[in-house]
Amino acid sequence: MPEKTLQGIPASDGIAIGPAFRYIPTELTVPARAAESADEELSRFDAAREQARVELQGLSDAIEKRAGKEEAAIFEAHREMLNDPALEGRVRELVGSGQTAEQALVNATDELAGLLAGMNDELFAARALDVKDVGRRILRVLLGLPDTALGAVTEPSVIIASDLTPSDTASLDPHLTLGFCTVHGGLTSHSAILARTLGIPAIVGLGESLLESISAQTPLALDGKEGVLIVAPANQTVEIFQGRKQQRESRMQVMKASVDKEARTANGRRVEVAANIGEVASAHTAVENGAEGIGLLRTEFLYLEDAQPPSEEKQFRIYRDIFKVMGDRPVIVRTLDIGGDKPPSYLPFPNEMNPFLGWRAIRISLDEPELFKKQIRAILRAAMGHNARIMFPMVSDLDELRRARDIVDTVKRDLALASVEFAFDVPVGIMVETPAAAVLVDVLAEASDFFSLGTNDLTQYTLAVDRGNAKVANLFQPLHPAVLRLIKQTIDAAHANGKWVGMCGELAGMTKAIPILLGFGLDEFSMNPRAIPEAKYLIGQLTDERAREIANQAMSFGTATDIEDYIKGTLALYV
Amino acid sequence: MLEATIPVKHKVGLHARPASLFVQTAAKFSSAIKVKNLSANGNFVDAKSIIMVLTLGVMKDHEIVIQTEGADADAALAALKSLIESNFGES
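So the protein sequences, as listed, match chains H and G.
The opening position of the first sequence corresponds to residue 322 in the working numbering, with each subsequent residue numbered one higher.
The opening position of the second sequence corresponds to residue 5 in the working numbering, with each subsequent residue numbered one higher.
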């Protein structure tokens, strides 16, 4: 049999090589029989529900042990559905009208799952699968059948199925499951999420051809990162996959080891890899993933959750909690960055035609000095004994920056006069997210202790593209040569003035951008905490010289597409 | 019968953990409790049913109406309001 390649949705990273196991869920047929009395049918239903509850408890405990509390929550949700009064009520009604417990259960779960499946939002619609899974479980108990047909897997295999319910995925034996592939399913299905947490390579959404081309024991090779499944791979292909598997394993080890190490380029230049966060909980995630600081602490959440602005005390407590988690690592607090697209009720927002070019960020802070001072007071007080920095968003000229700094100085004087303890030497910097700031860095350097590139807004303002607008979202290209030139210009001008430059836009955590940014000489990369291990790894693979070559080459192209193509080819050598 | 209209600020809306907490809180009371999503078309559903609460499709910034009726209607309404106002205990 010649080898055949199938492409699906990459659901969980990893390589698996082994024989197929065709998982066919036990057929559950509702027996055609006359109903007993309603009381008898209902007591069978209640007993089956009770046993299903016990099974779910067992699954929940097992998954909590293997993958953590968060993953076990799926089965908590199933137990809630098991007890759902709407489900129970409907079953009682149908049994009352003469149906058997099995018939009533199937009809009731179909109705309820149908309500969810018809919803527009994918996240809600996906819950229909949970209702069906619960219904199937009760039905299976009613029919007296064992928990899952997956018990029949006896040697390490790649599981092939039409779809896997969360219960199925949870019952996969990690020693026998090399990976799994399904016809249906998306990235956000519970099975895909669970596979990622359990570290089982998986591809979903492979389409009907999956079941057609594979029978029991067919040799398979699966690449969960690319979403590629090779059916009956040739010896050569198997070797390639084995090579990838080894490479991946050694990379994982290096990545794990890098968590507690400082990020350095291959030639030893120190680069800081930090995290972007917006709440206390993610500060912990940042530390666990090896963040060397917080490059962006968003404070908007404080301003949007209530009908009035947050008190100084509340802000003080939350900033202090985050600083404490980070110990002596630096934390950059970005002052209020909101606008008319998400207006809090207590600010007098005008009716804006274009809120992204309107009253927002530092412009609001300068117009509402009392609000601004409260935030600066809270930050300076909480910074005592910690390594905090203040950063202003959306600055576009020196005048704005000077006025904002004056307010910081006023606050310091007030605090000192009132004998309130606060941190005096807190560096103050700005985000570079307007093209104006990017071309004026040499001027702004007079009053800014550091710079941090906000590439999401910088891209939007430079290319005049709103990425929330589906019609033009494809034009939102952070690797556009115009954006890259502004980034390079910013870094060069800042360094020429003795200031360091970080980046807290999404670009900083993208592997395709890191070599270029490193080549430009970026000093700090701040990103989603989960992207940190891979970023540290990639930085460690590159020398500054090599990164500069890559950056120069990238800058020689005239379009974002050419730059992306070039980077993709180059990166294949490193990740 | 008591009634309150309240916006849901949680980032996932009434889904996942917030939906569970909402239903668990409702289930603690003997009163009949109904809920409806003002920001979408639809009817009142049983607030003690996780499935029906999910069918409301309540997302961030949607407004919901809660109705309580029974012996502990007051306490039930207060508990559900404070749960939502506290953003489900996440600050």
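Please note that a few of the clues may not be correct.
Said to hold, decoys possible - One side of the interface only, derived from the structure: several residues of chain G facing chain H at Cβ under 10 Å:
1) Leu6
2) Val16
3) His19
4) Val69
5) Gln71
Calculated directly from the structure, the hints in this document are not laboratory data.
No residue lacks a Cβ here, since even glycine has one placed at the ideal position from N, Cα and C.
Flag every earlier hint the structure violates by its number, smallest first.
Structure breaks hints 1, 4, 5.
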